[in-house]
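Line by line, the protein sequences give chains A and B.
First residue of the first sequence: 1, per the working numbering; consecutive thereafter.
First residue of the second sequence: 1, per the working numbering; consecutive thereafter.
Treat the hints with care, as some may be off.
Heads up, the list lumps identical chains together, so a pair's fine if it works in one copy or across two of them.
With a Cα cut of at most 20 Å, we get these calculated SDA-like pairs of lysine to any residue [claimed, not checked]: (1) K64 with S80; (2) K131 with L114; (3) K143 with T49; (4) K82 with H61; (5) K65 with R144; (6) K131 with S110; (7) K64 with G87; (8) K143 with R47; (9) K38 with N136; (10) K193 with R144; (11) K131 with A118.
Hints were generated in silico from the structure; no laboratory data involved.
The lines below spell out each chain.
2 protein chains.
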Amino acid sequence: MPEYQLYCFAQSGNAYRAALMLNLIGADWQPIFVDFFKGETRTAEYRSTVNEMGEAPVLVHGAKKLSQSGVILTYLAELSGKFLPRGDDRLDALRWIIFDNQKLNGSLASYRYLHSLAKPPGHPAVMEFLKGRIDNALGILDKRLANRAYVLGPEPTIADLSLVGYLYYPPEEFGFDIAAEHKNIGAWLNGIKALPGWAHPYDLMPGYPLPS
Amino acid sequence: MPEYQLYCFAQSGNAYRAALMLNLIGADWQPIFVDFFKGETRTAEYRSTVNEMGEAPVLVHGAKKLSQSGVILTYLAELSGKFLPRGDDRLDALRWIIFDNQKLNGSLASYRYLHSLAKPPGHPAVMEFLKGRIDNALGILDKRLANRAYVLGPEPTIADLSLVGYLYYPPEEFGFDIAAEHKNIGAWLNGIKALPGWAHPYDLMPGYPLPS
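Only chain A is shown next, with the shape it has when bound in the complex (with noise of 0.2 Å):
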């Protein structure tokens, strides 16, 4: 059996950073999948074996069983020394991951599960607040990328790994192109993308397409 077993789904950004972590780590892992849309985390069995939150990912690794994608990516980095902010930089990646929780990909989550996979949609209010924050935090962090390789400087860490959580979905599921709109962003994107290991989240975990 691999040294890890992720709690994941293809939709999931949040699953994703922990997912690319485990890649570009080089880790002996496989995914378990999590049948969302089916209702799988917000069943009693789930909360009361997997995660009591009711949420992916949930990484297993022998004994230990973590949750919180945050949580994860810390563990992970302290365990192999990759990615591993160091120094004052620990807490300054703490920072953006708190951020990023709650302001950016908590936001950009609920907003793209919204437009695209709901059904209804999500109503037109509810995407107007969402889309305020979103903007919003999107632009604090192109200002923060705009000097800048990475979020912390010149090195890619889990503060980034956390971030890129959303961004690598198709604009078409958003309704706006992050991308396009953001150059920092979008070339901070693509220096992710070719670090050795990357892969799209559709491509990283199992359950897409959605069977229609």
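Add chain B to chain A, keeping to what the hints say.
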């Protein structure tokens, strides 16, 4: 000059986490009032000199300037040794802090703002969207606290101090009573309230009441 300065304002549960921690560890600190309701955090000056993310709180400690309450809590716990999660609890605390920022207080802060502070108040569809997320997150936390005094076990940690962020504000500011509707959360809030140095956000930070 006191050892710590905290950019904060009374209505911010995000800032409250940091202010409460400072008080509970007996730190020598003073608040710096942020005039959020006059748009201070959205100004170019605030973003260039205080916090590029346009948020409070920001902790100043000598030459260090830290933002994101989860980062500030981690920093102060490591420096003081108080409310510090140890061993495997370190990543478990981080799990709850990220969950809190993304799912619980992340949604609750917007809901309260749109319910009782914004003019005009939020669109009913947005309120319903946020309320669904809040109810889910409160349910998860209440279940977690069914057989534990604090989120990680018998002792309070920074995970608890993050999660209480918006939970001591009066029920009328939300339009529902969190402690009354979730008995385990209510008992846990009373436990934290009994810690030496606890104070209500409106007593601990400047700017309450708002000028009419």
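Here is how each hint holds up against the structure:
1. K64 with S80: For K64 and S80, the Cα distance is within 20 Å only inside one copy (16 Å; across copies 29 Å).
2. K131 with L114: both (12 Å within a copy, 16 Å between copies)
3. K143 with T49: between (42 Å within a copy, 14 Å between copies)
4. K82 with H61: So K82 and H61 pass the 20 Å test inside one copy only (17 Å; across, 30 Å).
5. K65 with R144: between (34 Å within a copy, 17 Å between copies)
6. K131 with S110: both (10 Å within a copy, 14 Å between copies)
7. K64 with G87: Classified as between: cross-chain Cα gap 13 Å, same-chain 26 Å, threshold 20 Å.
8. K143 with R47: between (39 Å within a copy, 11 Å between copies)
9. K38 with N136: between (33 Å within a copy, 18 Å between copies)
10. K193 with R144: Within one copy, since 19 Å is at most 20 Å while 39 Å is not.
11. K131 with A118: Classified as both; 17 Å inside a copy, 18 Å across copies.
Checked against the numbered hints given earlier, this structure breaks none of them.
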